[in-house]
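Student: Given next are the chains, with one letter for each unit.
There are 2 protein chains.
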Amino acid sequence: MSRLIKVGGAQLGPIQRDESKSSAVSRMVALLDQAHAEGCGFVVFPELALTTFFPRHYIENSDEFRAFYEQEMPNPDVKPLFEKAAEYGIGFYLGYAEVAREDDETRYFNTSILVDQTGKIVGKYRKVHLPGHAEYDPERTFQHLEKYYFEPGDVGFPVWRTMDGIFGMCLCNDRRWPETYRVMGLQGVEFVALGYNTPATNSQKPEEGPEERLFHSDLSVQAGAYQNATFVAAIAKAGVEDGNHLIGGSIIVHPSGQIMARAETEDDELIVAECDLDDTVFYKKTIFDFARHRRPEHYGRIVDQTGVILPE
Amino acid sequence: MSRLIKVGGAQLGPIQRDESKSSAVSRMVALLDQAHAEGCGFVVFPELALTTFFPRHYIENSDEFRAFYEQEMPNPDVKPLFEKAAEYGIGFYLGYAEVAREDDETRYFNTSILVDQTGKIVGKYRKVHLPGHAEYDPERTFQHLEKYYFEPGDVGFPVWRTMDGIFGMCLCNDRRWPETYRVMGLQGVEFVALGYNTPATNSQKPEEGPEERLFHSDLSVQAGAYQNATFVAAIAKAGVEDGNHLIGGSIIVHPSGQIMARAETEDDELIVAECDLDDTVFYKKTIFDFARHRRPEHYGRIVDQTGVILPE
Numbered sequence: 001m002s003r004l005i006k007v008g009g010a011q012l013g014p015i016q017r018d019e020s021k022s023s024a025v026s027r028m029v030a031l032l033d034q035a036h037a038e039g040c041g042f043v044v045f046p047e048l049a050l051t052t053f054f055p056r057h058y059i060e061n062s063d064e065f066r067a068f069y070e071q072e073m074p075n076p077d078v079k080p081l082f083e084k085a086a087e088y089g090i091g092f093y094l095g096y097a098e099v100a101r102e103d104d105e106t107r108y109f110n111t112s113i114l115v116d117q118t119g120k121i122v123g124k125y126r127k128v129h130l131p132g133h134a135e136y137d138p139e140r141t142f143q144h145l146e147k148y149y150f151e152p153g154d155v156g157f158p159v160w161r162t163m164d165g166i167f168g169m170c171l172c173n174d175r176r177w178p179e180t181y182r183v184m185g186l187q188g189v190e191f192v193a194l195g196y197n198t199p200a201t202n203s204q205k206p207e208e209g210p211e212e213r214l215f216h217s218d219l220s221v222q223a224g225a226y227q228n229a230t231f232v233a234a235i236a237k238a239g240v241e242d243g244n245h246l247i248g249g250s251i252i253v254h255p256s257g258q259i260m261a262r263a264e265t266e267d268d269e270l271i272v273a274e275c276d277l278d279d280t281v282f283y284k285k286t287i288f289d290f291a292r293h294r295r296p297e298h299y300g301r302i303v304d305q306t307g308v309i310l311p312e
Numbered sequence: 001m002s003r004l005i006k007v008g009g010a011q012l013g014p015i016q017r018d019e020s021k022s023s024a025v026s027r028m029v030a031l032l033d034q035a036h037a038e039g040c041g042f043v044v045f046p047e048l049a050l051t052t053f054f055p056r057h058y059i060e061n062s063d064e065f066r067a068f069y070e071q072e073m074p075n076p077d078v079k080p081l082f083e084k085a086a087e088y089g090i091g092f093y094l095g096y097a098e099v100a101r102e103d104d105e106t107r108y109f110n111t112s113i114l115v116d117q118t119g120k121i122v123g124k125y126r127k128v129h130l131p132g133h134a135e136y137d138p139e140r141t142f143q144h145l146e147k148y149y150f151e152p153g154d155v156g157f158p159v160w161r162t163m164d165g166i167f168g169m170c171l172c173n174d175r176r177w178p179e180t181y182r183v184m185g186l187q188g189v190e191f192v193a194l195g196y197n198t199p200a201t202n203s204q205k206p207e208e209g210p211e212e213r214l215f216h217s218d219l220s221v222q223a224g225a226y227q228n229a230t231f232v233a234a235i236a237k238a239g240v241e242d243g244n245h246l247i248g249g250s251i252i253v254h255p256s257g258q259i260m261a262r263a264e265t266e267d268d269e270l271i272v273a274e275c276d277l278d279d280t281v282f283y284k285k286t287i288f289d290f291a292r293h294r295r296p297e298h299y300g301r302i303v304d305q306t307g308v309i310l311p312e
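Residue numbers (the UniProt record's numbering), protein chains in the order written: chain A, 1 to 312; chain B, 1 to 312.
There is no bait here: all hints are sound.
Partner residues aside, some chain A positions facing chain B, computed with beta carbon under 8 Å:
(1) P178
(2) R182
(3) Q305
Quick look at which bits of chain A chain B covers, simulated, 3 or more residues with Cβ under 8 Å:
(4) 146–158
(5) 185–199
(6) 206–219
(7) 290–296
Rather than coming from a laboratory, the hints here were simulated on the basis of the structure. Even glycine gets a Cβ: it sits at the ideal position worked out from N, Cα and C.
Chain A extracted, bound-state conformation (with noise of 0.2 Å):
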């Protein structure tokens, strides 16, 4: 047996500040023809893929930093990525900024969501994990304030049936924490997609450079395609943004944990990989059948505590 989908990784390069998103959408669509030309049925974008990574920069008013966030999707300058899409049957996953009004109250997330490949879209995830700080630190050297433009995501880790599969969504620093995959996994994930913007420093520790944070992220990414038997695939926003340096290196993850393929560049560039859904089944038949092998008995703490515990 086989289920085969070939997968497109479409890292982009920086967005500046003053690029607009239209254009930022025509990047995506060259990248969706190569994709198309390449015959790939399903492609990866990255986490806020319409804008600059606008958490690095502090803005105080609400109404100058609205503009980087979505009302609706699709919108008018997406319109032009979800035609494509369905033309050529490409299914995709698309990360953006999440304005929405709910329960009375204006709420933001960092958000992404799964398009099916006749445009539609079947599933939205709003990240859980937001890294950084929620007000502005002068102690580091840049800013990081996810904390301060996004609430925590409310809706978990679903997963959905769709392009003969099960598919999963999450997004940047969610890729270090294995809950993330473990919640996917439970429901039986064959497909994890992640967008994520990595600066290339640790804004609290300069001297852990590129080498150190990509290391970091491969780790992340393999151990929980691996532990799950999932398919992953880490695409980047990357290179030097409004000043900054974003690291690059998307993959896409076998569920055997090895990389099928890497970008070289830090600009708009498509990776590709031949998956099939079925190279799932041996490791979730066998070291990584939950039923037989996993003992819930003592992993209380993963839920019952928040932050550490020590002993006595």
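Go by the hints and put chain B onto chain A.
Tutor: Showing chain B alone in chain A's frame:
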């Protein structure tokens, strides 16, 4: 600040089925001598370090397999190890098969102990994630009967304050399960000791050989270390034992996830790394500050279900 401890990883070559426990112990004492000469304060020995990896053999009669187990610890066979370690002021971790009389039942566990620098047993762990199968399986190229010889551990994943740090333990297959490290990470663990015996080919997929098996071992250990900001020493029994090849590749891993030392042989071999337990602090206070970043309200499935529940 620094809390330095030089750690020795005492990989063992094969222990054939007819080798006596006192012979195995004398090999361990020789590694301890070497560790003392190198200035180690803590030494990690493998899983089931006193005998061959007997779960590869199907033995019907419990009187026959009983000799592989220890009723008491320490006991005359291992006394030379305890005495020499105390003389040197070296703490250690040791894996062995345990038979216990509890609640009027004879119980068998795959166990490890943590011994402090005075020779006192400060902690006992019983392997939670038993791999393999409970009955003879003619489909496999070789047997892996851990579920036949042992029952799953009943003490969870405790940690202990000892040797100026917070130490935890696990065994072999536990290292592939992120829950193992996370439960200890939530107790502030700074050093995880783990021993393993890992066949060099997959008994259900013979084309998965030692290179891939080492990759999976490294990946799981490095991710567990990084994502919980802890040192991990993963130490093998290696080489061709009773005609079956076990991988070596013992490693000591830094809280950054980077490998500090790696065994190069499949024989008795000491690897050494100088570990500063304060290297755990930076990550525990920043990217993996669990109290600030974890979101247990979305992790419920990890505890609420054992096996996969597929979406509709």
